[in-house]
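Chains A and B supply the protein sequences, listed in that same order.
Anchor point for the first sequence: position 3 equals -13 in the numbering used here, and the numbering is continuous, going up by one each time.
Anchor point for the second sequence: position 247 equals 268 in the numbering used here, and the numbering is continuous, going up by one each time.
Heads up, some of the hints might be wrong.
Claimed, not checked - Distance ranges between label pairs, derived from CB positions:
no.	chain 1	residue 1	chain 2	residue 2	range
1	B	E189	A	K125	25 to 35 angstroms
2	A	I0	B	L55	51 to 61 angstroms
3	A	R56	B	P139	40 to 50 angstroms
Unchecked claim - Partner residues are not named here, just some residues of chain B that face chain A (Cβ under 7 angstroms, in silico):
no.	residue
4	S59
5	N61
6	P88
7	P89
8	Y215
9	A216
The set of hints was computed from the structure by calculation and includes no laboratory data.
All C-beta atoms in this analysis are idealised placements derived from N, C-alpha and C, irrespective of residue type, glycine included.
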Amino acid sequence: MLRIEGLVKRYRTGDIALDGVDLVVPAGEVVGLIGPSGAGKSTLIRCVNRLVEPTAGTIHLGELDVTALSRRDLRRARRRMGMIFQEFALVERLTVMENVLSGRLGYVAFWRSFLRRFSAADVRGAFATLDRVGLLDHVDKRADALSGGQRQRVGIARALLQGPDLLLIDEPTASLDPKTSRQIMRLITELCAERQLAAVVNIHDVALAQLFLKRIVGLRAGVLVYDGPSEGLTPEVLTRIYGEEDWTRTHGDADADDDAARATGPRPELIRAV
Amino acid sequence: MPTARAADGASAWRRTTRAQDLLRWFAWLLLAALFVFSWNVMTKDTIWAFVRDAPAQAADIGGRMMPPRWSYIVQLSRPLWDTLSIATLGTLLAILLAVPVAFLAARNTTPSVMFVRPVALLIIVATRSINSLIWALLLVTVLGPGVLAGIIAIGLRSIGFVGKLLYEAIEEIDHAQVEAVVATGAAPAQVIDYAIVPQILPAFAGISVFRWDINIRESSVVGLVGAGGIGLNLEASLNTLAWSQVSLILLAILGTVLFSEWVSAKVRHAII
């Protein structure tokens, strides 16, 4: 279970990305996080595993206070939080197997990982996970030889192999075509149900979110402005989240907006030292 | 004000204003004047009789160089091998020392941007700023003549080169891949091994082979000051005016360089 209380993030430039966010996600529940570009969605999920350091507030994973951990304990806590990325973030020049096994790095000593000598149990787990996401035929291919949908499956397998309690998912379908997007969303929701994982999914595509997720959280300028069932996303609610727009007309227009939002370059807040 | 109104009221456009035009012409004029002035300074001490004589002199030396003394190649095989060894071991030494320096110098991997990074950058600049021939001169004085001085001279000179190009490659990596591995709970050494090394490996191989290629040329020169290799023979032959040996040595160096070009092309092709 994930419990976020009074989370604030202020960047060194003075920009307030999150302004007192409270959110509880019980085990087995997948929450869709929607909101305009720059609302703080990415910052929110990166605060949970502290890729971005929160300024104030607490984050509890089960009984563990993530915000109070030392670097060493933080690494142990990160093993319980799988992360899935928009551009997949696979290590392009490593094989599918190496990418998936990198999900075990938090459990394995440096020399074993350096020599790629993972335990038999880890390798068995990797094969089982690759089988589950449907990539058993591509084990020894290099990650840059795969298609977008296949790459995202590798990303999902890597996160699952951590044996996480929580998945943090940042725009999983933003680089995929509509059909693959649906397949990936279906896979994610199925896996979370199977393994009773809590998950937070950043998503731009409101229709896709409504199709697969029961609970939606709306973020605007660092503040939660909606938390409820996906059926509750009425035009008034969408206006509250995104601002004025003719929400009664469907798709076409909304897609054009999404594209414009995606076209924004790399975000400065995500560029950070190791 | 590049945009203006023409007489008929339509918008006219020029890239530069009239003032900028004048400034450009003046800058060109200054450059031409500087060239004429420099030419005068350059040729002030030239003794033109020698220059007029030059083609005859060159033809004379060329004549003495031909034909090369082919039998001398037997004595050259050992120095040639030494030259290759100096280049190869020097490059290996440089790589060994430059890799940690590069990680300390790269903004995204250095432990401290304030303190460690400047030191690493200083090492890179300092080793690069001193020519290997000068390193060799110093080291021959300290270590005595021989191959070891050559290896260390080549190695020291190359640290800066390899370190600089490598740390730039490290700074240009895709950060998302690093973030993903960090998010799994990996330790810093594992992050380097899994997320950074795979990304810089092609650049690393290219840089190393390129430097080896350069070092083969440099190691044929360090012998001139006594640091081993074929340069020793070149110096001896020049001093005794044995021009037919000099031409053979030059041919041998050319052959070695062609060989190294071929090897580095192969390696670069294989890696990418």
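Going through the hints against the structure:
1. Checking the proposed 25 to 35 angstroms range against B:E189 and A:K125 shows it holds: the Cβ atoms sit about 30 angstroms from each other.
2. For A:I0 paired with B:L55, a C-beta distance near 56 angstroms keeps the hint of 51 to 61 angstroms intact.
3. Between A:R56 and B:P139, the C-beta spacing of about 29 angstroms breaks the proposed range 40 to 50 angstroms.
4. Annotation: interface hint on B:S59 violated; nearest CB of chain A at approximately 46 angstroms, more than 7 angstroms.
5. With its C-beta approaching chain A no nearer than about 54 angstroms, B:N61 sits outside the 7 angstroms limit, and its interface hint is violated.
6. Nearest Cβ of chain A to the Cβ of B:P88: about 52 angstroms, over the 7 angstroms cut. The hint is violated.
7. Because the beta carbon of B:P89 sits about 48 angstroms from the nearest beta carbon in chain A, more than 7 angstroms, this interface hint is broken.
8. Because the beta carbon of B:Y215 sits about 5 angstroms from the nearest beta carbon in chain A, less than 7 angstroms, this interface hint is met.
9. The restraint placing B:A216 at the interface with chain A holds, with a minimum CB-CB distance near 6 angstroms, inside the 7 angstroms limit.
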